[in-house]
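Engineer: Residue strings, one per chain:
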Amino acid sequence: MEAARSSQRARAVIGREKSDSLSFLDLGILTVDLAGFDAGRKYCGLVRRLSAAISTDLEVSEGISMAVPNAVGESVLMGGGERKRKRGSEPSAPLSKWRTEGEQRIYSSRLIEALRRVCQSSASAPSASSSDHVRSCAVRKAADRVLAVSARGRTRWSRAILSGRTLKHRVRPKGSRPKPVISAIVARAAAQRRKTPALEKKTRVLGRLVPGCRKLPLPSLLEEASGYITALEMQVRAMSTIAEAFSAAGSASLPPIHANPM
Amino acid sequence: MSARRSRSRQAGAGRITDEQIDDLMSKLQAILPEARLGRNDRVSAAKVLQEACSYIRSLHREMDDLSERLSELLSTTEMSSAQAAVVRSLLM
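One line per chain: the protein sequences are Z and P, in this order. All residue numbers for the first sequence refer to full-length UniProt numbering, where the first residue is 1 and numbers rise by one. All residue numbers for the second sequence refer to full-length UniProt numbering, where the first residue is 1 and numbers rise by one.
Misleading hints may appear alongside valid ones.
To be verified - Partner residues aside, some chain Z positions facing chain P, computed with beta carbon under 10 Å:
no., residue
1, L95
2, K97
3, E103
4, S122
5, A138
6, A142
7, D144
8, T196
9, L199
10, K202
11, L218
12, L222
13, A225
14, V236
15, T241
As the list claims (entries may be wrong) - Only pairs whose alpha carbons sit at most 30 Å apart, straight line, appear in this in silico DSSO-like list of lysine-lysine:
no., chain 1, residue 1, chain 2, residue 2
16, Z, K201, Z, K215
17, Z, K141, Z, K215
18, Z, K215, P, K27
19, P, K27, Z, K141
20, Z, K201, Z, K141
21, Z, K97, P, K27
Keep in mind that the hints were calculated from the coordinates and are not lab data. Ideal placement from N, C-alpha and C gives every residue a C-beta, glycine not left out.
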């Protein structure tokens, strides 16, 4: 009913946008319909942003439309769409944005929404998902998804996460094998020889660690790894802040709400 | 799926320059925590890669610990009041 109306309105909006992106957006919108959006207004806003994204970068919208049916992506994208996207201003400081307090705050609020859903879903199915491990996995996955959406699909690792990446939870306990450290001079010569086998191996290991970057050549891999590391740092900061706040709120049974110095 | 996508495939210059790689390496080195490498120029490419890998692994471990902790907190804490408190503290 309302979903059909909002879908019709959305299609009217699409009709004004690029026609070659039509089928693509349709897929996103159909999945959104199934996911049960109830505000047609927000809906059209999403479509507008999707088509704006398409006009710049196809993979952006690909990542977003895949995130849409996800329960996390639902409110996350709405929240993300509210902010005006300035095209062209992003590449200037892509890494330092993860360090800003504003970005962390946005991530934290999105993450709390996602955690609320995890809480609700585990409450509604107590028998199935009451085990701690399952829930903590759900928490981790939700955190990663929210992080990936915060990257706005501009990085390869974020797209890989959103499209349902390969299992990451098997961290093989390799430890750090002591390897001979190549001196700088030799390393430079090796780089000119286009990578020694040692570098090859380490490159491959790094490619396995960053999601979606297994077969990436070295320059792109280095870029992706830089962005991924800074994003992960922000994720850790945000989650530890949230955990602190939760435990503080939990210990004080009836908190008179003060500003908690963090 | 998007395997054919080429983000920055150099159409003109076929090869990737060593300067480019060096530049990216130093950028990555700058991101890694200082305690691991020191900021001098003498750090080799292999060391940078190795430290990056171990740093990412430690970040993942931290993430797993935090997720466990958060999931425990979620189960025990009453969601509404805690959430209000958290959001308020975040916004301040």
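Engineer: Looking back at the hints listed earlier, which ones does the structure fail to meet?
Structural biologist: 2, 3
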